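S.K.: Chains A and B, in that order, are what the protein sequence lines are.
Using this note's numbering, the letters of the first sequence correspond one by one to residues 1 to 197.
Using this note's numbering, the letters of the second sequence correspond one by one to residues 1 to 110.
Since the hints were derived computationally from the structure, they do not count as laboratory data.
Model, not experiment: these values are computed from the prediction.
Hints are supplied without guarantee of correctness; some may be wrong.
Covered stretches of chain B (chain A as the covering partner; in silico rule of three or more C-beta atoms under 8 Å from a C-beta of chain A) [unchecked claim]:
no. : region
1   : 8-19
2   : 25-38
3   : 49-63
4   : 79-90
Each residue gets a CB set at the ideal place from its N, CA and C atoms; glycine is no exception.
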Amino acid sequence: MTDTLLTLVPEWGAILIAVMNFFACLALPIPASLVMLAAGAFAVAGDLDPLPLWIGALVGASLGDQAGYWLGRAFGPRLIDRLSRRRRTAALLDRAVTWLEQRRLPAIFLSRWLVSALCPYVTFAAGAARINWAGFTLPAIAGECVWVSLYIGLGYTFSTDIEELGAVLGNLAAAIGAAVTAVILGRILWRNGQERP
Amino acid sequence: MIRRIWQRNPGITLAFCLAVLASLFFGWRAVDMALILSNRAEKPVAGWMTPRYIARSYGLERVDLAATLSTTDRDDARQPLYSLAREQDVPVTDLINAVQALIDAQDGAP
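Model the full structure from these sequences, guided by the hints.
M.R.: Put into structure tokens, the structure is as follows:
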């Protein structure tokens with residue numbers, strides 16, 4: 001599958017990257033990072049123009065974010081209602097929504113690139129928690145700018161090793177995502193452990 | 001303390017343990033692959049590579065590469081070896097082997 005995708009990059013360029021990023025931002029298991037690395041590598045070789053690539057990648061990712069946010073707004077409240085029927089889950093959910101509202105900027109901005117494995121879930125949660133549209137969109141676009149520039153730039157710089165670099169970065173992103181999840185869950189457990197029954 | 005945490009939140013405790021294991025697993029794989037990347041020899045030619053990418057990555061002259069791939073009479077931009085092979089109706093492995101031979105000849109040249 002990786003070979004087929006890489007074969008399509010020089011032929012479809014910005015359109016392919018936009019589509020990949022759109023679906024990757026909706027939690028579909030698509031190697032969007034590898035495709036961006038490849039795009040950077042083909043750009044430095046002279047096969048593709050870097051500016052349309054960058055724009056395509058950013059537009060695709062931002063539209064994916066918007067789709068996830070509006071899906072969260074449409075279906076999130078129903079999910080929250082269902083989860084809130086249990087007393088303990090309701091308290092946890094309440095705490096999670098407050099946490100997200102208090103740390104809106106770093107949570108949305110950093111989940112676009114540094115903790116990219118959590119990006120679709122933070123997006124859905126932001127929509128479900130009814131965080132206002134501009135308050136979500138601005139840090140999201142800023143974060144996507146970093147993500148897109150970082151990966152296309154790395155492909156541009158390390159063009160001869162994109163497959164291996166993609167594997168390293170993919171695992172690193174998953175490790176960071178899992179570690180941040182562990183820290184958040186650990187804090188919840190610690191606080192619950194401190195409370196008296 | 002640990003027993004109390006487990007009794008109160010079995011689901012979250014399980015998720016926490018899984019997240020810790022996943023971070024260790026993926027972290028180890030990232031380090032392992034980074035070590036492989038830093039220690040491995042030059043990588044082989046693949047079908048997804050375009051002539052320009054090959055010329056840049058392996059330091060080949062584009063004229064020599066075009067002659068090997070029979071693309072001297074046209075612009076070979078943005079066409080991966082898979083697509084060139086399909087167009088010329090030859091197996092892609094033939095083109096990969098020809099390019100690899102050109103790289104080996106260059107590397108072996110004094």
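S.K.: Quick check: which numbered hints come out false for this structure?
M.R.: none
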